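Visitor: Listed here are the chains, written in short residue letters.
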Amino acid sequence: MSLIAVSAQGDTPEASVDPRFGRAKGFGLYDPSAQYWSYLSNDAAQAQAQGAGLAAVELLARAKVTVVLSGSIGPKAAVALRAAGIASVEGADGQTVRQAVAAHLEMPQRGDAKS
Amino acid sequence: MIVAIASGKGGTGKTTIATALARIWDGPRVAVDMDVEAPNLHLFLAPSYDGRKRAVLDVPVVLHPEACSGCGACSRLCAFKAIIALGDYPVVFPEMCHGCGGCLEVCRRGVLGAGKRELGEIFWGRAGAADGASPDLRIAGGQLRIGEAMSVPLIRQVRTKANEMLAEHPGDVIIDAPPGTSCPALSAVREVDVLLLVAEPTPFGLHDLGLAVRALASGRVPTGVVVNRAGLGDDCIRAFCHKHDLPILAEIPFRRDIAEACAQGIPLDHMGELRTMMETLARSLRELAEPRVAA
Numbered sequence: 608m609s610l611i612a613v614s615a616q617g618d619t620p621e622a623s624v625d626p627r628f629g630r631a632k633g634f635g636l637y638d639p640s641a642q643y644w645s646y647l648s649n650d651a652a653q654a655q656a657q658g659a660g661l662a663a664v665e666l667l668a669r670a671k672v673t674v675v676l677s678g679s680i681g682p683k684a685a686v687a688l689r690a691a692g693i694a695s696v697e698g699a700d701g702q703t704v705r706q707a708v709a710a711h712l713e714m715p716q717r718g719d720a721k722s
Numbered sequence: 003m004i005v006a007i008a009s010g011k012g013g014t015g016k017t018t019i020a021t022a023l024a025r026i027w028d029g030p031r032v033a034v035d036m037d038v039e040a041p042n043l044h045l046f047l048a049p050s051y052d053g054r055k056r057a058v059l060d061v062p063v064v065l066h067p068e069a070c071s072g073c074g075a076c077s078r079l080c081a082f083k084a085i086i087a088l089g090d091y092p093v094v095f096p097e098m099c100h101g102c103g104g105c106l107e108v109c110r111r112g113v114l115g116a117g118k119r120e121l122g123e124i125f126w127g128r129a130g131a132a133d134g135a136s137p138d139l140r141i142a143g144g145q146l147r148i149g150e151a152m153s154v155p156l157i158r159q160v161r162t163k164a165n166e167m168l169a170e171h172p173g174d175v176i177i178d179a180p181p182g183t184s185c186p187a188l189s190a191v192r193e194v195d196v197l198l199l200v201a202e203p204t205p206f207g208l209h210d211l212g213l214a215v216r217a218l219a220s221g222r223v224p225t226g227v228v229v230n231r232a233g234l235g236d237d238c239i240r241a242f243c244h245k246h247d248l249p250i251l252a253e254i255p256f257r258r259d260i261a262e263a264c265a266q267g268i269p270l271d272h273m274g275e276l277r278t279m280m281e282t283l284a285r286s287l288r289e290l291a292e293p294r295v296a297a
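Protein chains in written order, with the numbering used here: chain A, 608 to 722; chain B, 3 to 297.
Because the hints were derived from the structure by calculation, they are not lab data. These numbers come from a predicted model, not from an experiment. Don't be surprised by glycine CBs; every beta carbon is placed ideally from N, CA and C. Please note that a few of the clues may not be correct.
Pair ranges (Cβ atoms, derived) [unchecked claim]: (1) B/Glu193 - A/Ala710: 51 to 59 Å; (2) B/Lys118 - A/Gly617: 30 to 38 Å; (3) B/Gly233 - A/Gly698: 34 to 42 Å; (4) B/Gly115 - A/Arg630: 46 to 54 Å; (5) B/Gly233 - A/Thr619: 58 to 66 Å; (6) A/Pro682 - B/Arg111: 25 to 33 Å.
Pairs of lysine to any residue, SDA-like flavour, derived with a Cα cap of 25 Å [stated by the list, open to error]: (7) A/Lys632 - A/Gln706; (8) B/Lys118 - A/Lys632; (9) A/Lys671 - B/Phe82; (10) A/Lys632 - B/Ala81; (11) A/Lys632 - B/Arg78; (12) A/Lys632 - A/Pro715.
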């Protein structure tokens, strides 16, 4: 069972990928088995004076996300993602959320072997 | 009595004023440099040091990960995301920790132990009276470790050291506060009897004085203003102080000879009429603080 999260600047799959992870506006979620899109607001993490990336990891862990696509992920968030068992892919910015997910699903799956 | 010299804007002359006040102040006093990110009071007061101490903060470390039940109490308690429970045991980010110790209190299974993060160092000493400073001047300060992001815990330890020095040998306190209006500045002006804000008459100076008044001058603490580089800009600071009922206690003119002397480390009290101005300033501060000190 896999669930893909993409840091997003808006709440639709056509929104641009947010290059930031912790201070992303939100996360587009895609469940490949159900072919279902949803959206998770990141307002709470954005409001953090510090530790926005860590708050975002907690948000994704609670949502049972298995892989996250973003522009760049900070060092502390990367440690937390590993602890939470969430795979991560950087450099996904410069396209829409839908394009990022499509590109990810076309790639040979390594870190996300369970899908 | 405790006087803090602060400003919104940096480079307005806090240390210049603090140095002069510390030197001419009557009676025993401790000059405390709370600008631990860029301490410089010691450069002007040239103390001989009595001691230096490494300053550390207690932070959690994961001692027994196997004992963790994953209850998440530590993570829920931490307001700074310094400890988060995601997998089988918590992950600690010691550089985010403010050292409250709450996570160690709530963990019922002994997963966490006490670790240390180095904050920097604190130092203390006494200034000589050789070059005209009035006797019985001690100094305390701190220097933040390079790479450390949090200055408030170190500022607190500098304050603790100053309090220890006062317990040994009572006196007044003159605090050189860090610039700005965020946590370090707020932490430095805590529990003071009188607040002195240094401002320069420029648009920047006015803007940041406004911020400083809103952030630091609570209305409970008597507050005065020194205009530095008076004549440089316009009358904006005077108008502001009049409107907000803030007394202007001194105006240091914008003059080349003063700037040159300051650049050479010569204190204001060595410059003719400025000595009188600083003595008047010290008296005004005592008068402003009097209702609080007496109470």
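Visitor: If a hint holds in the structure, say so; if it doesn't, say that too.
Guide: For each hint, the structure was consulted:
{"no.": "1", "hint": "B/Glu193 - A/Ala710: 51 to 59 Å", "result": "holds, 58 Å"}
{"no.": "2", "hint": "B/Lys118 - A/Gly617: 30 to 38 Å", "result": "violated, 44 Å"}
{"no.": "3", "hint": "B/Gly233 - A/Gly698: 34 to 42 Å", "result": "violated, 56 Å"}
{"no.": "4", "hint": "B/Gly115 - A/Arg630: 46 to 54 Å", "result": "violated, 33 Å"}
{"no.": "5", "hint": "B/Gly233 - A/Thr619: 58 to 66 Å", "result": "holds, 59 Å"}
{"no.": "6", "hint": "A/Pro682 - B/Arg111: 25 to 33 Å", "result": "holds, 29 Å"}
{"no.": "7", "hint": "A/Lys632 - A/Gln706", "result": "holds, 18 Å"}
{"no.": "8", "hint": "B/Lys118 - A/Lys632", "result": "violated, 35 Å"}
{"no.": "9", "hint": "A/Lys671 - B/Phe82", "result": "holds, 23 Å"}
{"no.": "10", "hint": "A/Lys632 - B/Ala81", "result": "holds, 21 Å"}
{"no.": "11", "hint": "A/Lys632 - B/Arg78", "result": "holds, 23 Å"}
{"no.": "12", "hint": "A/Lys632 - A/Pro715", "result": "violated, 29 Å"}
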